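Once you've looked at the hints, dock chain C against the given chain X.
Number of protein chains: 2
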Amino acid sequence: MSKIAVLGTGNVGNVIGSKLIQLGHEVMMGSRTATNEKASNWAKSSGAKACHGTFTDAAKFGEIIFNCVSGIGTMDALKQAGVENLKGKIIIDLANTLDFSKGMPPTLTIVNNDSLGETIQRTYPDAKVVKTLNTMNCNLMMDPSLVPGDHNIFVCGNDADAKAKVNALLNTIGWKTSNIIDLGDISNSRGTEQLLPIWIRLYGKFGHPNFNFNVVMGPSPKK
Amino acid sequence: MSKIAVLGTGNVGNVIGSKLIQLGHEVMMGSRTATNEKASNWAKSSGAKACHGTFTDAAKFGEIIFNCVSGIGTMDALKQAGVENLKGKIIIDLANTLDFSKGMPPTLTIVNNDSLGETIQRTYPDAKVVKTLNTMNCNLMMDPSLVPGDHNIFVCGNDADAKAKVNALLNTIGWKTSNIIDLGDISNSRGTEQLLPIWIRLYGKFGHPNFNFNVVMGPSPKK
Numbered sequence: 041m042s043k044i045a046v047l048g049t050g051n052v053g054n055v056i057g058s059k060l061i062q063l064g065h066e067v068m069m070g071s072r073t074a075t076n077e078k079a080s081n082w083a084k085s086s087g088a089k090a091c092h093g094t095f096t097d098a099a100k101f102g103e104i105i106f107n108c109v110s111g112i113g114t115m116d117a118l119k120q121a122g123v124e125n126l127k128g129k130i131i132i133d134l135a136n137t138l139d140f141s142k143g144m145p146p147t148l149t150i151v152n153n154d155s156l157g158e159t160i161q162r163t164y165p166d167a168k169v170v171k172t173l174n175t176m177n178c179n180l181m182m183d184p185s186l187v188p189g190d191h192n193i194f195v196c197g198n199d200a201d202a203k204a205k206v207n208a209l210l211n212t213i214g215w216k217t218s219n220i221i222d223l224g225d226i227s228n229s230r231g232t233e234q235l236l237p238i239w240i241r242l243y244g245k246f247g248h249p250n251f252n253f254n255v256v257m258g259p260s261p262k263k
Numbered sequence: 041m042s043k044i045a046v047l048g049t050g051n052v053g054n055v056i057g058s059k060l061i062q063l064g065h066e067v068m069m070g071s072r073t074a075t076n077e078k079a080s081n082w083a084k085s086s087g088a089k090a091c092h093g094t095f096t097d098a099a100k101f102g103e104i105i106f107n108c109v110s111g112i113g114t115m116d117a118l119k120q121a122g123v124e125n126l127k128g129k130i131i132i133d134l135a136n137t138l139d140f141s142k143g144m145p146p147t148l149t150i151v152n153n154d155s156l157g158e159t160i161q162r163t164y165p166d167a168k169v170v171k172t173l174n175t176m177n178c179n180l181m182m183d184p185s186l187v188p189g190d191h192n193i194f195v196c197g198n199d200a201d202a203k204a205k206v207n208a209l210l211n212t213i214g215w216k217t218s219n220i221i222d223l224g225d226i227s228n229s230r231g232t233e234q235l236l237p238i239w240i241r242l243y244g245k246f247g248h249p250n251f252n253f254n255v256v257m258g259p260s261p262k263k
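So the sequence lines, in the order shown, correspond to chains X and C.
Quick note: the first sequence uses this note's numbering, first residue 41, plus one each step.
Quick note: the second sequence uses this note's numbering, first residue 41, plus one each step.
Isolated chain X (complex conformation) (with noise of 0.2 Å):
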């Protein structure tokens, strides 16, 4: 079991808190004040091992960091959570940019040659990022069985044992290894990232969030 650090009190930070104290992990739920209602309201009904903090206090306890704040507010709270905090840290990246001040649907602030992942690892280059989970529905992401039969979630990351960390947690929550698909380093963030407008797209047109993507393959064809 670990000490986790779930960053932002919205939907998603609440559904992953609660299934990370489901699976008996200690985590600090952290938000911009000390004070924050959510925060408090979430840990008081989460039981012994659930805690609330400032982001700052939240990056200190957490060996792994959640960040579940919006693309958009992600830099400003990791700074908030203190670069010290970081060092050396597995930040569990699910954040998408999108930016929805232009209207509907949104645009990515980050997008085509970068991404928000290999921002945060190049602004924290001792911390180690790990993008995943941030192509579904908060409650698909802690529940793969929402969806049914086989699906997929992309990892990518420069530090393969972060990897490996993170791979086993999502075993965890239950995703097959089989249906994990490590991209590669960091970089390939971009390719998950620009997977949003089409997702965004399909949430229109279905009603509701509960779909994933499946990537089949067939053989590889003859030379």
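Think of the hints as simulated: they come from the structure by calculation, not from any bench.
One or more of the hints may lead you astray.
Because identical chains share one entry, a pair is satisfied inside a single copy or across any pair of copies.
Unchecked claim - Heads up, simulated BS3-like pairs for lysine-lysine below, C-alpha to C-alpha not over 30 Å straight-line:
| no. | residue 1 | residue 2 |
| --- | --- | --- |
| 1 | 245 | 205 |
| 2 | 89 | 262 |
| 3 | 127 | 59 |
| 4 | 216 | 245 |
| 5 | 100 | 59 |
As the structure is a computational prediction, the values presented were derived from the model and not from experiment.
Below, chain C without anything else, positioned relative to chain X:
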């Protein structure tokens, strides 16, 4: 059977042109010059219903126009095709604006708040642009059985009748109606074109292009 223009003499144009001939259509392959060797060779080896000419010739000839030019070359090729020859025509755009000039992996020259599909539709408002087929390798486009089981092809465009005709053509190629996802209007090209960054990374990982995305859905969550 239709008269179809295939713009582009590369591998994509060849595979698509040959499949359309096999289905019984009349196909003119278009290129920058009337004497293009690749187009000439393709036409010679493809039987009586195959011919070739300039982009202008091909656009005049075709009731349906397949844009098989590279994404970066598309607007130039369509300019040569001529606005008067595109009027009222269905343009099936399967290109992606992949820019390999800055090294691998490529970036997209149109991205985020615009797309190639929209750019074509905006530039040729009297044409009926249908964006489809662009999320997979050209052999798979023309033979979905290369990947076993269900997997999806995305279609979008502003003209419902044009999309219905394209879907019927896709059916004849082997795409089941249940695997065709109509995303809506042409702005949804942003979603499918931005699938390319992850497609390219998966291609690198798998070492061959015989794979595709299948969107798997679970039941709608209870309110």
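Same-copy or cross-copy closeness of residue 245 to residue 205 [CA-CA at most 30 Å]: between (35 Å within a copy, 21 Å between copies)
30 Å Cα threshold - placement of residue 59 relative to residue 127: Intra 25 Å, inter 56 Å, cutoff 30 Å: intra-copy only.
Is it within a copy, between copies, both, or neither that the alpha carbon of residue 89 lies no farther than 30 Å from that of residue 262? between (55 Å within a copy, 29 Å between copies)
Alpha-carbon proximity context of residue 100 and residue 59, limit 30 Å: Answer is within: at 21 Å inside a copy they meet the 30 Å cutoff, but 61 Å across does not.
Within a copy, between copies, both or neither: where do residue 216 and residue 245 come within 30 Å Cα-Cα? both (28 Å within a copy, 19 Å between copies)
Hint check: no violations occur; every hint is consistent with the structure.
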